[in-house]
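Engineer: In case you want the letters, here they are:
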Amino acid sequence: MQETATVVAPVAAQGADIMYDVVEGPDQVAWGYRSSLTPLKRFLFPQVDPLLRWRASSGNGFEVEPTYDEVERIFLAVRPCDISGVLFLDRVFRRDREDIYYLKRRERTTLIGLNCTAPGDNCFCVCAGTGPFLSEGYDLELTEIDGEYLVEVGSEKGAELIRKSDALFAPAGEPLVSLREEMAREAEQQFGEHKSYFAAALRGVTFDRVPEDLWDELGERCLECGGCSFVCPTCTCFLTADWADARTGERRRLWDSCSYECYSREASGHNPRAKRGQRLKGRFFHKLSYQFAKPLEQHGCVGCGRCVTTCLGSDDMPTVTARVRRGAV
Amino acid sequence: MENVYLPAVAEIAGVREETYDTTTFTLKFADPAQWAAFQHRPGQFVEVSVFGVGEAPFCLASERDGKESFEITVRRTGVVTEALHELEPGAHVGVRGPLGNGFPMEEVKGRDIVFVGGGIGLPPLRPLIWEMLNSRSDFRKMTVLYGARTPADLVYRDDLERWREREDVDLLVTVDAADEEWAGNVGVVGTLFPKVSIDPSMTTAFVCGPPIMIRFVVTDLVALGLGEGDIYTTLERHMRCGVGKCNHCLIGDKYVCTDGPVFSYHQMKTMMDPG
Numbered sequence: 001m002q003e004t005a006t007v008v009a010p011v012a013a014q015g016a017d018i019m020y021d022v023v024e025g026p027d028q029v030a031w032g033y034r035s036s037l038t039p040l041k042r043f044l045f046p047q048v049d050p051l052l053r054w055r056a057s058s059g060n061g062f063e064v065e066p067t068y069d070e071v072e073r074i075f076l077a078v079r080p081c082d083i084s085g086v087l088f089l090d091r092v093f094r095r096d097r098e099d100i101y102y103l104k105r106r107e108r109t110t111l112i113g114l115n116c117t118a119p120g121d122n123c124f125c126v127c128a129g130t131g132p133f134l135s136e137g138y139d140l141e142l143t144e145i146d147g148e149y150l151v152e153v154g155s156e157k158g159a160e161l162i163r164k165s166d167a168l169f170a171p172a173g174e175p176l177v178s179l180r181e182e183m184a185r186e187a188e189q190q191f192g193e194h195k196s197y198f199a200a201a202l203r204g205v206t207f208d209r210v211p212e213d214l215w216d217e218l219g220e221r222c223l224e225c226g227g228c229s230f231v232c233p234t235c236t237c238f239l240t241a242d243w244a245d246a247r248t249g250e251r252r253r254l255w256d257s258c259s260y261e262c263y264s265r266e267a268s269g270h271n272p273r274a275k276r277g278q279r280l281k282g283r284f285f286h287k288l289s290y291q292f293a294k295p296l297e298q299h300g301c302v303g304c305g306r307c308v309t310t311c312l313g314s315d316d317m318p319t320v321t322a323r324v325r326r327g328a329v
Numbered sequence: 001m002e003n004v005y006l007p008a009v010a011e012i013a014g015v016r017e018e019t020y021d022t023t024t025f026t027l028k029f030a031d032p033a034q035w036a037a038f039q040h041r042p043g044q045f046v047e048v049s050v051f052g053v054g055e056a057p058f059c060l061a062s063e064r065d066g067k068e069s070f071e072i073t074v075r076r077t078g079v080v081t082e083a084l085h086e087l088e089p090g091a092h093v094g095v096r097g098p099l100g101n102g103f104p105m106e107e108v109k110g111r112d113i114v115f116v117g118g119g120i121g122l123p124p125l126r127p128l129i130w131e132m133l134n135s136r137s138d139f140r141k142m143t144v145l146y147g148a149r150t151p152a153d154l155v156y157r158d159d160l161e162r163w164r165e166r167e168d169v170d171l172l173v174t175v176d177a178a179d180e181e182w183a184g185n186v187g188v189v190g191t192l193f194p195k196v197s198i199d200p201s202m203t204t205a206f207v208c209g210p211p212i213m214i215r216f217v218v219t220d221l222v223a224l225g226l227g228e229g230d231i232y233t234t235l236e237r238h239m240r241c242g243v244g245k246c247n248h249c250l251i252g253d254k255y256v257c258t259d260g261p262v263f264s265y266h267q268m269k270t271m272m273d274p275g
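These protein sequence lines map, in sequence, to chains X and S.
Using my numbering, the first residue of the first sequence is number 1, and each one after it goes up by one.
Using my numbering, the first residue of the second sequence is number 1, and each one after it goes up by one.
With the rest of the complex left out, here is chain X (with noise of 0.2 Å):
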């Protein structure tokens, strides 16, 4: 595979922290994990994204040439959460307006699944229908069973890849397939009170029946760290910056996050969600609504449960599904 494309997986980071990074060898990777700090999301979308540069010129006073990431790159052992992760930003990236740098990037990317035998502290996949495993989305998707992997064919750029190293792959039977099937129901009842109900907080949310007090309450507990957004496999709100000399320059685009006091803010000094409780409805109906969901074909949650890992306030999906279920009317 390193012939041919970067190979990215997860990989130990500091402390108990597990990052998918680019890896040189199989031993770096970090098979047995369960979930990763970050998804997949910074290398598609990256955090930090050069879109063009500019040179001065004397006839048209600037040139500009766009930069594209055209890196083949290999994403393996990603769990199906991330993979549903990347099938969401498809639909938000190829919606109306295509959007040139993810798709380019997509384009060059294969995806090499691993299918969940347990949860991890904070998953709730089960209620967002993507996990523990997955069925569609992936090139490849492993299953250890017993110290070997099961491999399914997900793509023809799946097959291709089992074509070029045929010799490492034999068949599987009968058995294996159904033993699939078993693991895949063990790992589902493993989630056990690991979960977050998202239909009535859908209609809340779609029928704005959720008091406006409890964002305010919500709210009062957001720090504006940003940080939710950032670990999310599914949001993608930016702006762009320019960096330049007197005769050059490049704009980035950075990820943003609607939790920011100046998100919306105008320079007329107007700001249509100056109240954090504001913010955070517009968050949620962002992720939740059916507005959006039925576009995006679906809600914008996969139940990584990295929120719930990241946010000090505790305004994390499973929460605060929960307390719009109780508080809607």
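Check each hint, because a few of them may be wrong.
[What the hints assert, rightly or not] Below, computed lysine-lysine pairings styled on DSS-like, alpha-carbon distance capped at 30 Å: (1) X:K275 to S:K269; (2) X:K275 to X:K104; (3) S:K109 to S:K67; (4) S:K67 to S:K141; (5) X:K164 to X:K104; (6) S:K269 to X:K294.
[What the hints assert, rightly or not] Between beta-carbon pairs, the in silico distance windows are: (7) X:E107 to S:E82: 36 to 42 Å; (8) S:R157 to X:A241: 33 to 39 Å; (9) S:G225 to X:R53: 54 to 60 Å; (10) S:Q39 to X:R209: 26 to 32 Å.
[As the list claims (entries may be wrong)] Output of the computed footprint for chain S on chain X, the stretches with three or more beta carbons under 8 Å from beta carbons of chain S: (11) 22 to 35; (12) 47 to 56; (13) 94 to 101; (14) 249 to 263.
Just so you know, the hints here were simulated from the structure itself, not pulled from any lab data.
Positions of the beta carbon are idealized from the N, C-alpha and C atoms, including for glycine.
Use these hints to put chain S onto chain X, whose structure you have.
Structural biologist: Just chain S now, kept in the frame of chain X:
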């Protein structure tokens, strides 16, 4: 695949000072082929880059008139607008657009038209006023109501003069606070309504200005009997990308940049606004 974030280079072909803090810039594409693709209509906007400083949205302030250039009117109020005001004719900027939906014109033919502009809200209305005047027989009575904070804040003095001289359009101007020379109306723009006769069932209104002014004017117009679908406004949001991707201008599930910026009051009422 088109790159929706790539600006075209345009030259500042003209600079006209409107007020102490507001300037109109004439922009002309460096590559003439860009102009053919730039099929703009009133109510649309552009994202203008001052390279090295940043990009900001501005409404198109001129109608298509065969000059192969267009205008934006800019109040000096933020980082990009400050930088724009430093630029002189011959300098170059970046332009993406035209963006957004624009005002309805065909749909309102045969009706009385009332324009209500507040302060820097006149620029989006200006190309609409001129395009309607250019096909004047398509519309019935036309009335322009314009209010600014002080006489020194009035923009487009040449246009105001020309509209005042024309018999086929009524212009009324007001200021919130007069100076010694001001002999006209004093008060917010809503104080002009009693001075004009409006046939509510036959009238379509186009309202642009600061959010607070829009709220009061729309209330006045509804009280006069105008239909909620016959009142149009352009909404002000910080549209960063202009193409429905960055999410900054979302109101409920509506992108002001692509679903708007022109909305009828009827649409606005049904928009779920978290803000």
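Engineer: Against this structure, judge whether each hint is valid.
Structural biologist: Going down the list of hints, with the structure as the test:
1. Taken as a hint, the K275 of chain X and K269 of chain S pair is honoured in the structure, with Cα atoms around 21 Å apart against an allowance of 30 Å.
2. Taken as a hint, the K275 of chain X and K104 of chain X pair is broken in the structure, with Cα atoms around 37 Å apart against an allowance of 30 Å.
3. With a C-alpha separation of about 26 Å, the suggested pairing of K109 of chain S with K67 of chain S holds against the 30 Å cut-off.
4. Distance restraint check for K67 of chain S and K141 of chain S: the Cα-Cα separation of roughly 28 Å lies within the 30 Å cut-off, and the hinted pair is therefore satisfied.
5. Distance restraint check for K164 of chain X and K104 of chain X: the Cα-Cα separation of roughly 24 Å lies within the 30 Å cut-off, and the hinted pair is therefore satisfied.
6. Restraint check for K269 of chain S and K294 of chain X: the C-alpha separation of about 22 Å stays at or below 30 Å, so the hint holds.
7. Separation of E107 of chain X from E82 of chain S is about 40 Å and conforms to the stated range, judged on CB atoms against 36 to 42 Å.
8. For R157 of chain S paired with A241 of chain X, a C-beta distance near 37 Å keeps the hint of 33 to 39 Å intact.
9. Between G225 of chain S and R53 of chain X the C-beta distance comes to about 56 Å, which sits within the given range of 54 to 60 Å.
10. The supplied range of 26 to 32 Å is broken by Q39 of chain S and R209 of chain X, whose beta-carbon atoms lie about 43 Å from each other.
11. Counting residues of the segment 22 to 35 of chain X whose beta carbon lies closer than 8 Å to any beta carbon of chain S gives 0, which falls below the threshold of three, so the coverage claim is violated.
12. With 3 residues bearing a CB less than 8 Å from a CB of chain S, the segment 47 to 56 of chain X meets the requirement of three and the coverage assertion stands.
13. Requiring three or more residues with a Cβ within less than 8 Å of a Cβ of chain S, the coverage given for the segment 94 to 101 of chain X holds, as 7 such residues are present.
14. Chain S is given as covering the segment 249 to 263 of chain X, and this holds because 6 residues of the stretch bring a CB closer than 8 Å to a CB of that chain, at least three being needed.
Of the numbered hints stated above, those contradicted by the structure are hints 2, 10, 11, listed in ascending order.
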